[in-house]
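Engineer: Here the structure of chain A is known, so what remains is to put chain B in place on it, guided by the hints.
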Amino acid sequence: MKFFDSSKRVGAGLGLGALLATASSAVSALPVPWQLNMTKGVTKTSQDVYQIHMWAFYVCCVIGLIVFGAMIIAMFKFRKSKGAVAAKWSHNTKAEIVWTVVPILILVVLAAPATGVMINMAHTADSQMTVKITGYQWKWRYEYLNWGEKAYHVNFISKLDGESDRTRQLKSGLDPWAVKSEGAQTYLLDVDHPLVLPTDTKVRFVVTGDDVIHAWWVPELGWKQDAIPGIINDDWTEIHDPGVYRGQCAELCGQDHGFMPIVVKAVPKEEFMKWLDTQEAALAPPPAAAATAATPAAEPTKG
Amino acid sequence: MATHAAHHDDHHDDHDHKPHGFFNRWVCSTNHKDIGTLYLIFSFTMACIGAAFSGVIRTELAQPGLQFVQPYFFNQMTTLHALVMIFGAIMPGFVGLANWMIPLQVGAPDMALPRMNNWSFWILPFAFTLLLSTLFMPGGAPAGGWTLYPPLSIQGGASVAFVVFAVHLMGISSIMGAINIIATILNMRAPGMDLLKMPLFVWTWLITAFLLIAVMPVLAGAVTMLLTDKYFGTSFFNAAGGGDPVMFQHIFWFFGHPEVYIMILPAFGIVSEIIPTFARKPLFGYQAMVYATASIAFLSFIVWGHHMFTVGMPLGGELFFMYSTMLIAIPTGVKVFNWVSTMWKGSMTFETPMLWAISFVILFTIGGFSGLMLALVPADFQYQDTYFVVAHFHYVLVTGALFSIIAAIYYWWPKWSGRMYNETWAKVHFWWTMVFVNVLFFPQHFLGLAGMPRRIPDYNVAFSDWNLISTIGAYGMFLTPIMMFVILYSSLKSGEKAKAVSWEGAHGLEWTVPSPAPFHTFATPPIIHAADLAHGDVTH
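Chains as they are written, first to last, in my numbering: chain A, 770 to 1072; chain B, 1014 to 1553.
I should point out that these hints are in silico values taken from the structure, not numbers from a laboratory.
Straight-line Cα separation of at most 25 Å, DSS-like style, residue types lysine-lysine; simulated pairs:
id, chain 1, residue 1, chain 2, residue 2
1, A, K813, A, K1038
2, A, K851, B, K1440
3, A, K849, B, K1440
4, B, K1358, A, K857
5, A, K863, B, K1358
6, A, K1034, A, K809
7, B, K1210, A, K863
Excised from the complex, chain A in its bound form (with noise of 0.2 Å):
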């Protein structure tokens, strides 16, 4: 009936508000099956993002339990069949007053910490490391521009892993629960040179495209931004928790678009200048070429 299909609708909004409050406790690096609620992450940024939603969530969740709620006991109360006669009013200004303003003001209260939160993201500046990140069809460029005061030439392309590419072949007849990383299910999420980067250090990105537009996209992270040929878009993050975290490009960008994962590995500080200075070691060319050493131009691609 139709009131039981709209209370239903009340009632599992509710129940899925209790499951999504618990759902996302623990930080996964994966989706999981039956995910039903966005990622935490392990940035500030994206905890700050998570409550935004989460509070954006429960705000709708409680207009649609009034909404709902009045059309499901009109439903029931005020039938033809149950002898209800019609009312004969058919405007109240003092009603239309209050249902403009009073959501007027819950908007405010939305509005306001989704603008701190966008200021925050704005400030890229004071970074430790810049990273530069360029999308290709169908694949990442990732460069690691300084530390600090200290430049840096590490340069290479971090493509979807060769089981996943394999697997993901029209009619291949391989099975994607068998591609792993480790015992994780990581098929199209998996790269061959992941992008390390340190925890705790707040590293500033500056993203680009070199043929279509692309977006970088870590979940984990809190943020997306657009990769687009001609332009130089920069973001910031700092990452709390050591780990492997997984996204995918998030703008179409023509056939291989849904096989350009990401993988980002956050390492401790120590752990991350041992591999970036070994990374740029094995750059310096041999003593007899000094004088012709590559540039970034011709694009070393080790790593």
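Structural biologist: Then chain B, alone, in the frame of chain A:
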């Protein structure tokens, strides 16, 4: 036609005389009822074609791994699915309803410009033949999304030119239709049909028509620049040549946002007709509803950036678009509260049109909630280009716009055809749709929140459960156009004959003419009695 002139003179006082011959009646039609019927048949056909494309999409997405189609073809399916549904199903559906009902509701004999009306319709089959023919060309159909963002869209082959020309033709059709609607409403209302006595369906279409005239030329400009970038060496959107890919997005969405309001305002009008009829109570807050519609239309021009929150706009721009987008929720909410207040203390019965209208209010509101969440920029960074957005717009467009069109068809069917459809079977159609539309789209909220991007043909195994559920919902939905067709077709053969006032609580000029409505109505303007009108009492 000269050979039929004598015929016409003999029968000019027979209001039910239709032109002789299929070609004369349908291809050369200048009758708002027949042209309305043509639009509705076209819309239904295109909805089935668009559904077929979504069938390919949902079939491939039922399981992880690629089982059926190559990624490039999958992208053609997503692109065409949207273009066909938006420009072929939803918009022509509303225009068909406008053609049928606006002259009847204002007491006019026909649209202001009947021959232009004919052309507005007949452009559409040509436009869609052009578009769909790209499936059979080398390079295939457009595959860069219905939003056609460059540089990707320009990487297409011959389909780029064809989609641009098809869009131009559709735009011309819409602009001419909008001109006709405004001219009819402003100039041809029967004496006594003051603007603030018009049915809300007429108001919402009047405002929608202004939106169409304002923004369709902008879309034409945007796609023309794509054409010249590809074929004539311009660099509007090519950074290497000094242009800006993001400029396309600004221009496109300056069209695109009002476009989505073009697709929902007539729905608001329809629901505002149906609920008062079956609640046997006048629409609550008629004037507030008119002003709210006008506010939504005005605000729709200043929110376009919310489709582009991740492109890298300056902070001030993002803040502006966040605030303006949140603001547009206010008049929309006012409308929902007014519909509920119409139901409150009414005397309701729940015939099929009322079921569709009530489900519109509930499910469109759910779509509005996800829209409010999307308006919050920091949260949008996690939702943008994921299935959360896909869920949002399918709730507002399918359970919103499409449900209102179905409601309107069931509501005005007795007036058009002179027959009642079978109420039991129509209720089966309604409940079947209610279940499966939610099975199809609600899980997509979860997929988006869990991290699944949109426009991908394959996904990590963690997303497989909700995707399978969604596909089951899709397969349930594919039966529903068949159900509706059978119900309506069989009513023509064996439905109970309908009365002029086909629903007990119905008010409005359309119910003062016989069912089925004669071919020509209001050849002389009607005398308007306040009791006939839904809003005859100006103290509302």
